[in-house]
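> Protein chains in written order, with the working numbering: chain R, 747 to 800; chain C, 536 to 978.
Worth flagging that the hints you see were computed from the coordinates, not collected in a lab. Please note: incorrect hints may appear among the correct ones.
To be verified - Each computed EDC-like pair below joins lysine to aspartate or glutamate, with the alpha-carbon atoms no more than 20 Å apart:
hint : chain 1 : residue 1 : chain 2 : residue 2
1    : C       : K879      : C       : E798
2    : C       : K678      : C       : E849
3    : R       : K783      : C       : E762
4    : C       : K605      : C       : E632
5    : C       : K880      : C       : D830
6    : C       : K811      : C       : E849
7    : C       : K677      : C       : E798
8    : C       : K879      : C       : E859
9    : C       : K602      : C       : E762
10   : R       : K749      : C       : E762
11   : C       : K811      : R       : D787
12   : C       : K605      : C       : E624
13   : C       : K678      : C       : E730
14   : R       : K783      : C       : E849
15   : R       : K783      : C       : E817
As the list claims (entries may be wrong) - Going by beta-carbon spacing under 10 Å, a handful of chain C positions derived as facing chain R:
hint : residue
16   : A857
17   : L938
18   : P942
What the hints assert, rightly or not - Taking CB as the label site, the calculated pair distances span:
hint : chain 1 : residue 1 : chain 2 : residue 2 : range
19   : C       : S835      : R       : G790      : 19 to 27 Å
20   : R       : G790      : C       : K791      : 33 to 41 Å
21   : C       : G608      : R       : F750      : 31 to 39 Å
22   : C       : V794      : R       : A756      : 35 to 43 Å
23   : C       : E668      : R       : F768      : 51 to 59 Å
24   : R       : Q780      : C       : N836      : 37 to 45 Å
25   : R       : F768      : C       : Y963      : 49 to 57 Å
26   : C       : V777      : R       : Q780      : 39 to 47 Å
27   : R       : A756      : C       : K791      : 42 to 50 Å
Bear in mind the structure is a predicted one, so any value in this text is a computation, not a measurement. Even glycine gets a Cβ: it sits at the ideal position worked out from N, Cα and C.
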Amino acid sequence: MSKFYIGWAALVLGLFCAMNLFGWTITDEHEDHQIPKSIRDNPGAYRSHYTGGK
Amino acid sequence: MRPQTAPQLKSFQCRSCGGSIQLRTPQAHHVACPFCASIVDARHPEFLLIQQFQGKLAFKPLLPPGKRVKIRGEEYESIGYLRRTVTIEGTNYTWEEYLLYHPHRGYRWLAQYGGHWNYIKACTGVPKVRGDEAQYLDLRFKKFQSAEARVTFALGEFFWEVKRGEKAAVVDWVSPPYVLSSEKTEGEIAWSIGEYIRPEDVWKGFALEGAPPGQVGVGPSQPSPYEAARRPMRWTFWILLVLLVVGQFVFVGAAKNGVVHTERLAWTGAEADRAKVSGIFEVPAGSSNVEIELDAAGLSNNWAYLKLALIHAETHEAYDFAKEVSYYSGSDSDGPWTESELRKKAFAPSVPGGRYYLWIDPEFGVAPKPAGPGPPGTAPFTVSVAVYRDVPRWGPFFLALPLLLFPYWFYLWRRRSFEYRRWIESDYPMPPLVKMQSGDSDE
Numbered sequence: 747m748s749k750f751y752i753g754w755a756a757l758v759l760g761l762f763c764a765m766n767l768f769g770w771t772i773t774d775e776h777e778d779h780q781i782p783k784s785i786r787d788n789p790g791a792y793r794s795h796y797t798g799g800k
Numbered sequence: 536m537r538p539q540t541a542p543q544l545k546s547f548q549c550r551s552c553g554g555s556i557q558l559r560t561p562q563a564h565h566v567a568c569p570f571c572a573s574i575v576d577a578r579h580p581e582f583l584l585i586q587q588f589q590g591k592l593a594f595k596p597l598l599p600p601g602k603r604v605k606i607r608g609e610e611y612e613s614i615g616y617l618r619r620t621v622t623i624e625g626t627n628y629t630w631e632e633y634l635l636y637h638p639h640r641g642y643r644w645l646a647q648y649g650g651h652w653n654y655i656k657a658c659t660g661v662p663k664v665r666g667d668e669a670q671y672l673d674l675r676f677k678k679f680q681s682a683e684a685r686v687t688f689a690l691g692e693f694f695w696e697v698k699r700g701e702k703a704a705v706v707d708w709v710s711p712p713y714v715l716s717s718e719k720t721e722g723e724i725a726w727s728i729g730e731y732i733r734p735e736d737v738w739k740g741f742a743l744e745g746a747p748p749g750q751v752g753v754g755p756s757q758p759s760p761y762e763a764a765r766r767p768m769r770w771t772f773w774i775l776l777v778l779l780v781v782g783q784f785v786f787v788g789a790a791k792n793g794v795v796h797t798e799r800l801a802w803t804g805a806e807a808d809r810a811k812v813s814g815i816f817e818v819p820a821g822s823s824n825v826e827i828e829l830d831a832a833g834l835s836n837n838w839a840y841l842k843l844a845l846i847h848a849e850t851h852e853a854y855d856f857a858k859e860v861s862y863y864s865g866s867d868s869d870g871p872w873t874e875s876e877l878r879k880k881a882f883a884p885s886v887p888g889g890r891y892y893l894w895i896d897p898e899f900g901v902a903p904k905p906a907g908p909g910p911p912g913t914a915p916f917t918v919s920v921a922v923y924r925d926v927p928r929w930g931p932f933f934l935a936l937p938l939l940l941f942p943y944w945f946y947l948w949r950r951r952s953f954e955y956r957r958w959i960e961s962d963y964p965m966p967p968l969v970k971m972q973s974g975d976s977d978e
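Make a model of the complete structure from these sequences and hints.
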């Protein structure tokens, strides 16, 4: 039981360190993608994938 | 050492059935005839019939009497068999006792109940009893059960005056794998100590074929399979917890949490449907996180849905977010009230260093008036942004904490469940962890 626990804990602590070091997350609230170069000159042309308010 | 055969052991005929009875021990006091179970006084010159058994021999001992056996490396001869019964709340509970004999080591018992076996011998001293605890040698026992036991059946020979119906006040204390028992009869208290023995070892000791009968529940002295892992699990848990907490403080301490850009973006009423971009700012090299703090102002009984993007000025890679802010106020019978949600945070866990700008496109519940209500030049709606690089994160810590807790909690639950099943048969049952709605309880 304790050997399993140690193995499991090694995985969890490894995940904990990786999340901190590499910025991994399980709640991905953002999306990253390429946009046209002209957006800075014409901000209204960009269409975020988030749509609508209330 | 093999048991020695006593040279002058008696042999006589049963006064009840005429069967031939061979004594196996010189100390035999009463003998229950192996053919009719009637009890004969083996010390009386005429082998007086003490008690005649009227019924049929309904009970066949699991272990045959009169057999040489080897238990825990010690040889004995099985000489007697008893069935003893306690009645609790109208229900009879019966266990078996097998009397073993060796001319030098003396007597031992094997007791069996529900497929659980104990290897028992008489105590060499009197245990100390204090309340519900007893101490014998260096062992501390907890009181398990007390009841009045009566002999309901006997076969073979015994070194005391055994009788069917003979009663004794029996008290058991347990300290797995040991069980301490006291038997109080008229003017005498006999103490014995037993150790749990695996059924397979009993079967092997009696050289029996097949498998022993299955076990029911948890035996009072049955060693917990979870006990050996108790200390390693506890130590492992605490070490891991310390590692996690220290690790978290290391990561929090190492986080730079630097402000890389602040700016206030403003929308006049005429610009309400337009997207705006911030100035370009430098996000330091690396791959750590970026947090964007938004502080809106200028809303009155209105909400704004902010579509937000952090865009790399050279690669044009965009990180999209959406946040809603709102501000409502009014007055009712309790007086004035406000509901404000004007501050929000957006978080990107891993952002490469480089030059970035923000793009914000607001959408309003009620479109602001073209001319703002404030002084000339004042925008009706503003969003102050602050961009931070490498902020401390607590999310991984609070994700890892329950994952580390769970195996230890599961172990504790299994261990307690085992003890619960042990003590459910005692006079001191443990309270259940979960109470069922029907009023029944279970783990």
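> With reference to the structure, classify each hint as holding or not holding.
Hint-by-hint comparison with the structure:
1. C:K879 to C:E798: holds, 15 Å
2. C:K678 to C:E849: Measuring from Cα to Cα gives roughly 78 Å; hence the hint is violated.
3. R:K783 to C:E762: The given pair, whose Cα atoms are some 66 Å apart, is violated under the 20 Å limit.
4. C:K605 to C:E632: It holds: about 16 Å lies between the C-alpha atoms, which stays within 20 Å.
5. C:K880 to C:D830: Holds: K880 of chain C and D830 of chain C sit about 9 Å apart, inside 20 Å.
6. C:K811 to C:E849: Holds - the C-alpha atoms of E849 of chain C and K811 of chain C are around 18 Å apart, at most 20 Å.
7. C:K677 to C:E798: Judged against 20 Å, a Cα distance of about 71 Å means the pair is violated.
8. C:K879 to C:E859: holds, 8 Å
9. C:K602 to C:E762: Distance ~36 Å between K602 of chain C and E762 of chain C Cα, so the pair is violated.
10. R:K749 to C:E762: With Cα atoms ~15 Å apart, K749 of chain R and E762 of chain C stay inside 20 Å; holds.
11. C:K811 to R:D787: Distance ~10 Å between K811 of chain C and D787 of chain R Cα, so the pair holds.
12. C:K605 to C:E624: violated, 38 Å
13. C:K678 to C:E730: holds, 16 Å
14. R:K783 to C:E849: holds, 8 Å
15. R:K783 to C:E817: The given pair, whose Cα atoms are some 18 Å apart, holds under the 20 Å limit.
16. A857: It holds, given that the least Cβ distance between A857 of chain C and chain R is near 3 Å, below 10 Å.
17. L938: holds, 5 Å
18. P942: At 5 Å from the nearest chain R Cβ, P942 of chain C passes the 10 Å test, so the hint holds.
19. C:S835 to R:G790: 19 to 27 Å: holds, 25 Å
20. R:G790 to C:K791: 33 to 41 Å: holds, 35 Å
21. C:G608 to R:F750: 31 to 39 Å: holds, 34 Å
22. C:V794 to R:A756: 35 to 43 Å: At roughly 37 Å between Cβ atoms, A756 of chain R and V794 of chain C fall inside 35 to 43 Å, so the hint holds.
23. C:E668 to R:F768: 51 to 59 Å: About 56 Å separates the Cβ atoms of E668 of chain C and F768 of chain R, which means 51 to 59 Å holds.
24. R:Q780 to C:N836: 37 to 45 Å: holds, 39 Å
25. R:F768 to C:Y963: 49 to 57 Å: Roughly 54 Å apart at Cβ, these two residues keep to the hinted range, so it holds.
26. C:V777 to R:Q780: 39 to 47 Å: At 44 Å between Cβs, range holds.
27. R:A756 to C:K791: 42 to 50 Å: violated, 29 Å
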